[in-house]
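Asker: Residues per chain, in single letters:
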Amino acid sequence: MITAGIDMGAKFIKVLLLKDGEIMAKAQEMAGFEPVEAAEKAFSKALSESRLSKEDVNAIFATGAGRKAAPFAQDSITEVGAAARGVTHSHPSVRTIIEVGAEEGRAVKCNEQGKVEDFAINEKCAAGAGSFTEAMSRALEVPLDEFGRISLTSSKSIPMNAQCAVFAESEVVSLVHAKTPKADIARAVHDAIASRIVSMVRRVGINNDVALIGGVSYNPGFVDSLNRGLETTVIIPENAEYTGALGAAIVAAERNKND
Amino acid sequence: MKANYGYLDGSGEFFITIDTDLCIECSHHGCVDACPVGMFEIIVDDYDDKVAAIKEEHRKKVKYDCSACKPVSDRPPLPCVEACTPGAITHSW
Amino acid sequence: MSRLKGIKMTEEKKEFWRWKEYNWHDEAKDWKGVETITAGVDVGSVSSQVVIMLDGELYAYSNMRTGSDSPDSARKAMSWALEDTGMTLDDIHYIVGTGYGRVNVPFSNRAITEIACHARGGNMMYGSTVRTILDMGGQDCKAIRCDERGKVSNFLMNDKCAAGTGRGMEVFADLLAVSIEDVGEQSLDVEEEPPPVSSTCVVFAKSEATSLLREGWSKKKVLAAYCSAMAHRVVTLLERVGVEKDFAITGGIAKNIGVIKRLEKELNLTSLKSNYDTQIAGALGAALFGKTLIEKQRMKAK
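Protein chains in written order, with my numbering: chain A, 1 to 259; chain B, 1001 to 1093; chain C, 2001 to 2302.
Keep in mind that the hints are not guaranteed to be accurate.
What the hints assert, rightly or not - In silico EDC-like links for lysine to aspartate or glutamate, alpha-carbon gap of 16 Å or less:
#	chain 1	residue 1	chain 2	residue 2
1	B	K1002	C	D2030
2	C	K2220	C	E2192
3	C	K2206	A	D118
4	C	K2151	B	D1021
5	B	K1070	A	D118
6	C	K2220	C	E2193
7	A	K124	C	E2192
8	A	K179	C	D2069
9	C	K2151	B	E1082
10	C	K2220	C	D2189
11	A	K11	C	E2208
12	C	K2151	B	D1049
13	C	K2245	C	E2264
14	B	K1002	C	E2239
15	C	K2296	B	E1013
16	C	K2261	C	D2189
17	C	K2151	B	E1013
18	A	K124	B	E1013
19	C	K2265	C	D2246
What the hints assert, rightly or not - Away from chain C, derived, C-beta distances all over 12 Å, residues of chain B:
#	residue
20	G1010
21	S1011
22	E1013
23	T1020
24	G1038
25	E1041
It is worth saying that the hints were derived from the structure and are not from the lab. Glycine included, every Cβ here is placed at the ideal spot set by N, Cα and C.
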């Protein structure tokens, strides 16, 4: 049984090919202004990488923000459902999944079969997602990848007063004027966003093992702050960006087994 | 007087409302100890009345700070609301 | 009578968010021998005002950008209000501090919240019929219900989120390179009212605006969409305290007709107008509280 999962993300389209539970190939394309075209391109890439043709694929399921527009897909599943199946496939001990992207933060509680039991979302507010760290790194005039690393060098905890990305920017500027070391400011920023994510996770319950996926998982400063806030060590799956596509492919295989 | 502590942001409206006219009647102020996060305090307001209020450090984070008492499923009655005998406290979410 | 202090614009980059700072005093009045001289000092996170009153009548005031140090801003605003009056701090019988930095006014006799002060100030500025006051400040938005004496019966203050505050508007003024003073008028200069920007969040609204500009929207159209979104958001806040006429708007954004007109339309209410500068409502209320307090004190002493 060969299935495909297409994750129609807002920024990137990810495609993954699954054969009997094993990942055969994966590819991604920037969504840009033509996400359907990008999806078709990514799909072709994945097919050629695994030397398959479209007819070899038994079922295709989609997920992601733009899943309703996915080409070729027979059906779609929610991002939350896809994340749960995708993560537990490679890490069956996971019961809580945290996904933090640029615009949204999500917390999912799942069971050992990877079925979603509860979920919470932080959306439409930049302070609750990756946009916050991006904006602060700009305010501090430090490149984003460095921003995470320097926060690890700080041992000082400064609470941030502002709970809004716009106000926090002014606060960062004031801290700089007060000669606060950049590393301490960076840590304050990461602690602040991590604390908001932790509060969200509390609403579904912090049950080990906890996994972290999404763009912000690549930020070591955030991961460190998150671990301290959760009082646990989060698992960051490899190729985390393909979690959604993997989950969709798994569900496609399951649903088609019954046919 | 109705004092609304909290905010409206992109993700929704989050307000804890304290009806100070009802609050004045209370002498034991159970809300202060009932809240597991310690969000309440007793203040003397601008009109010289002794009433409950949400602490400054929690005002802008009520959605986050209240999350332990507001799980997604099987939400129990809120401890602060239960402890308030005059019924002065309401949550908008 | 009024003097405007211009701000020096740097050659390289015009700062679009800057509004004019100024001070004023009534040259026709003589403060010497007046029974009650009180002052209100409103130190906000963005702007600071000082109002000086003689027996409850406006005598002098100043309005300037708050600096990085609150006590320093309070001092500067005070000396600026006193400028050329011949009055010194010692001549003032009672000083009330208010606003975000109210606990940091070293020379104040008492601190009172900006909620109570805005209600009191609004009551004087707009008359005793005012029942609902909306204050849109630099970094906050307040909705206040009051009675005929200016006593608060219901309020909320939103200072967590930049949307619906002066700061949120400044971000857009900067993005579109339009002076903050021109934003309102320009937003009304559109043939057809565009749909409001869908994001409440200023950060996401900014990305949305950038896309709209790329799609060919004019600056004015984008401003209209943003003012419309801001007005709608404010109405949501007002509905929580309930809107009862008469309705008045104080604070910096009261000067933005783009937001005000849209707000009035959605509420189906006209806001009262005042001859006073809308930004001094807090300091005015504080000075009035000062008068009540010193009178009470003197009564007790007798």
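Asker: Going through the numbered hints above, which ones does this structure break? Give me the numbers in ascending order.
Answerer: Numbers 1, 3, 7, 9, 15, 17, 20, 21, 22, 23, in rising order.
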